[in-house]
Amino acid sequence: MMRLEPQPGEVIDRGRPLTFTWNGRTYPAYAGDTIASALAAAGERVFSRSLKYHRPRGLLTADAHDPGCILQVGDEPNVPGAARRVSDGMAVAAQGAWPSLRFDVKALNRLAGPVLSTGFYYKTFIRPRRLWPLYERVLRRFSPGGRVPAAPPDGRYEHRYVHPDVLVTGGGPAGMAAALAAADLGARVLLIDDQPELGGHLRWGGPDDLAALTELRGAVAEAGNIEVLADSVVTGRYEGGLVAAVQRLHGSGSLTERLVKARPAQLIVAPGLIERPYVVAGNDLPGVMLSTAVRRLIKLYAVKPGDRAVVFTANDDGLAAAADLERAGVDVRRIVDAREGGGIIRVRGRGGVRAVECADGRVVRCDLFVTAVGWTAPTALVTMAGGRAAYQAGAARFVPAELPEGVLVTGGLAGDGTLDELVAHGRATGQDAALRATGASGGGAPISSLEPAAHPQLFAGRTDGVVDFAEDVSSKDLKAAVAEGYDSIELVKRYTTATMGATQGKLEAVNAIAVVAAATGRSIAETGTTTARPPYIPISLGALAGRNYQPVRRSPMHDWHVEHGAAPLVAGQWIRPDHYGDPAAEVRNVRQHVGIVDVTPLGKFELRGPDVPDLLELLYVNRWRKLAVGQVRYGAMCTDDGVVLDDGVSGRLGEQRYLLTATSSGATGIGEWIERWLQTEHPDWRVHMIPMTDAYASINVAGPRSRELMERLVSGIDMSNEAFPYMRVRLGTVAGVPDCVVWRIGFTGELSYELHVPSGHGLTVWQALLSTGADLGVRPFGVEAQRILRLEKGHLIVGQDTDGLTQGFSAGLDWAIKMDKDDFIGKPELAWQRVRDSHLMLVGLQPVDRRTVPPEGCQIVEDGGRIVGRVTSSRFSPTLERAIGLGFVAPHLSEPGTVVTVVLPDGGRVPAKITPQLAHVDPEGTRLRV
Amino acid sequence: MSELTITDCTDWTKVLVRAAPSSALAAALGTPYGRATRAADGALVVGTAPDGWLLLAPDAPAVSIVQRVATQAGPEFASIVDVTHGRALVRLSGTASRGVLAKVCAVDLADAAAPAGAAIRTLVAGITAMIVRDDEPGELSFLIESDRSYGEYLMDVLLDAGS
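Protein sequence lines correspond, in order, to chains A and B.
Residue numbering for the first sequence is 1 to 930, as defined by this note's numbering.
Residue numbering for the second sequence is 1001 to 1163, as defined by this note's numbering.
It is worth saying that the hints were derived from the structure and are not from the lab.
Do not take every clue at face value.
[What the hints assert, rightly or not] Below are the SDA-like pairs computed for lysine to any residue, each with C-alpha atoms no more than 20 angstroms apart in a straight line: (1) B:LYS1103 with A:GLN247; (2) A:LYS261 with B:VAL1107; (3) A:LYS261 with B:GLY1162; (4) B:LYS1103 with A:HIS250.
[Unchecked claim] Quick partial rundown of chain B residues pointing at chain A, CB under 10 angstroms, derived from the structure: (5) ASP1051; (6) THR1084; (7) ARG1087; (8) LEU1101; (9) ALA1106; (10) ASP1108; (11) ALA1112; (12) ILE1127; (13) MET1130; (14) ASP1134; (15) TYR1150; (16) SER1163.
Predicted model, so just to flag it, every value in this text is computed and none were measured.
Note that CB positions come from ideal geometry on N, CA and C, so glycine has one too.
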């Protein structure tokens, strides 16, 4: 056992023991343990296999960035095991190793090492191209990562929007001080930290650090206007100042993760520093750790990281780590200080550290090799925000060089200092941010400078070692890439995949740059950095999806349809009744008796004002000025380029009151289209457009007996053919509901009335129609029956029988387009289309074999294969008992009686005859006018 | 003061008014765009656009509101339309109401950005909606108005977000 006696700042709760399983075996843990700390306490050292060569990997950083400790937890793959805390009964397993972590056959890749050279995949699997699917299947077995669950995982993911004055990311001493100072000035502060508790490096410091930590934490807890998000990571900074953070709540309640979308007035970036690994042969053996890793293990989790250690350091933190190791009972065999000329040649071992070979020739046997060779300042958020990072050779790190508007930095990212200096810098930065955010003044108090401390440039030894632990890229690979001509760091990155793994450069970017710089003979500053892009850390898809709310629109009769077995049809956001079991029977019932259909999604707009006729004349290709009160008319609209935009029936309800209808799918767009013309082109017109789509439940009553049915329910309207002829509108009371609009139109080709009923009474009227008309044979019909009925009648559907290229004269609208009108939208283009004769024509089609219905979208060809048209609509007509359709054909084939060739999806060809007109049923329109 | 209460107010009377911003009617209504005020008769007048208002009243019949506004409008061009049936209306009250809205709406509803009487046209869970800060005595409260067909969805979303 490697568990130490209680440590002063430990985060584990020894009063709450837990158990969990690791690869099937049960292990103990304490509440507060991470998976990695609990396993390390039990003496486990190997947690995964490396990506390419399947080398055993242990802990390197012992925090969320640890590339050697990505694990499967239950159904959840790719869990950072050194960050996720153990919960009781948790089942943890290694990923990607087969058949077991101890004996992994894929480690044979190691023998093939020389073959798996840089760019191996690019070079090897590029040809023959037709074999790629096979390559891909095999390669997938060798790809890293856990098992993606087949079913959506349990758990709840949410989004939350916040608008703090100041957002501080990083809850170390400087971050906490910044939050406190900003809050003191009245700013609303959001403080985000990736650890379960605030404190940063103070948490593994000495007694003074722990005392300061207690004081700062206490002050933050007491401040009224600081909200702390622990266990949360800022993942990116986006346009408009949007800052995204993932808050992890695993095991702490009903919520799993939350994506927090913040728009702070000021962002203070205070992530501290990230310790860099050292590139040398054997640097990925289990037992090679960073100085911060061993200090975390000892101080936070009371875990002894090894028994015998060699420490290689270039700074005082390495010495502090050595002291911590000794206090923890680790035999520190040797401290090699680079500042005194010490060096390391290689780490020896197989499956774990066995010895370290020093530059002076001494070989020291040990099981733990600790490095402290420098720090990386995570400048990603600064550069994502538009700032710049520059290399400071004296400090051996990139530092923020230019700060964009609204972004400030403090703590280790800004520079180094004593605890007091860090806190003072944090306070001044917090004050400055608060004053900027609340607009109190142009800027706050002057911020004392915090300079990065001098540090030797120490990146790689004389031997080659791993640079990118996540992608298994070595310094040898990088040198090979340079030798092959990839001399830009961005190209080296893409060619070798260095910095492209889960760590995203946090550990390896600077080392990679240093290796490339050395190989190209340039300086690190000249070599430059790769571009940091969001997300900063891996994010679960669940967090991105959130609750995934999908808007749904329902008509007032929706529940009735569901209760009566309607098959749902998702039409945009609407859910509509497609049919109630047998659409063909529904069609026959409309033709023989009477049917009712819910057409509530129909776009409806009330137009008011003296200038409405001017608007209608502009919007529609046909004439409207003489429309009298009580009349309705079919109208078609085109866009500026003459393409058919929408169609529908509009009516004049009063002297200055019109109701315009648009297609269900086009409704929202048409509302915006009308507003656009009114607001930008004709603000002088006195017209108000009021969207009424949802204000009316709309019901079409269709069939030869529809008048009889209507007469029983309507009051205040004379329903006789003489008093209420075709294409007229009346206002009245239906089934006791006043203020209904009733118009007589004929989309189905039958005598029919469309009712627009105040929505709250829609269901009442719907049910009244059904109960009152039972003896007349009234039945509901769905969207599918309506589509068949309109196709039998030859009425086009905009968007189905037209597309984004169909101009007015192609859609058979010649009769409606009035080129002698002064102006209308699309007129110039239509004038041009009319004088060309090459455009496709919409025609009626009847397959010669009456039982063959060519699916919609089938091509029409001639001369063996040249495409000359397509089928836009097709159905089997229950009325004619034959296949019918609409389609586009080239003009030379549009003559009635022409037989064209339709290609079926299986390649078969069937002849179809062009009909004299679009209508297949009742082309004379007698049924409409009875 | 309750933590969270959700009430379906879809049966409230709703009257849409359109008139020029410079009109006498606009002056009489006295509510600028983005604000909501209570009229003498108790109706909530919401400025939904520079030239648009939505009048919300729990029990007054639409006819009486339409007539009153028509009288105020006089001969100037104005449209006064009963849209009671066209809109869904939900009231969300209590200390947690702001937190619930923060899960489905990107706008800042803190006191500084949305004080009592603020009216904000925005997206709520992907649908166009109007949020009116309409505090009740001693209680934080928001009215949320959307197209009626989204009503059930809006209710479902708020219940889910507040669960």
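Hint validity - ASP1134 of chain B Cβ closer than 10 angstroms to any chain A Cβ: It is violated, given that the least Cβ distance between ASP1134 of chain B and chain A is near 21 angstroms, above 10 angstroms.
When the least beta-carbon distance from TYR1150 of chain B to chain A is tested against 10 angstroms, hint result: With a closest approach of 6 angstroms, the TYR1150 of chain B hint holds.
Restraint satisfaction for ALA1106 of chain B [CB to CB of chain A, less than 10 angstroms]: Given a least distance of 5 angstroms, the restraint on ALA1106 of chain B holds.
Hint status (Cβ of ARG1087 of chain B to nearest Cβ of chain A, threshold 10 angstroms): With a closest approach of 7 angstroms, the ARG1087 of chain B hint holds.
Proposed proximity, HIS250 of chain A with LYS1103 of chain B (alpha carbon, max 20 angstroms): 19 angstroms, holds
Evaluation of the interface hint that places LEU1101 of chain B against chain A, nearest CB under 10 angstroms: 9 angstroms, holds
Interface hint status, ASP1051 of chain B versus chain A (Cβ within 10 angstroms): 9 angstroms, holds
Per-residue hint verdict: ALA1112 of chain B, partner chain A, C-beta under 10 angstroms: 8 angstroms, holds
Proposed proximity, GLN247 of chain A with LYS1103 of chain B (alpha carbon, max 20 angstroms): Distance ~14 angstroms between LYS1103 of chain B and GLN247 of chain A Cα, so the pair holds.
Pair hint LYS261 of chain A and VAL1107 of chain B, alpha-carbon separation not exceeding 20 angstroms: 11 angstroms, holds
Hint status (Cβ of ILE1127 of chain B to nearest Cβ of chain A, threshold 10 angstroms): 5 angstroms, holds
Minimum beta-carbon distance criterion (10 angstroms), MET1130 of chain B to chain A: 13 angstroms, violated
Violated hints, in rising order: 13, 14; the structure is consistent with all others.
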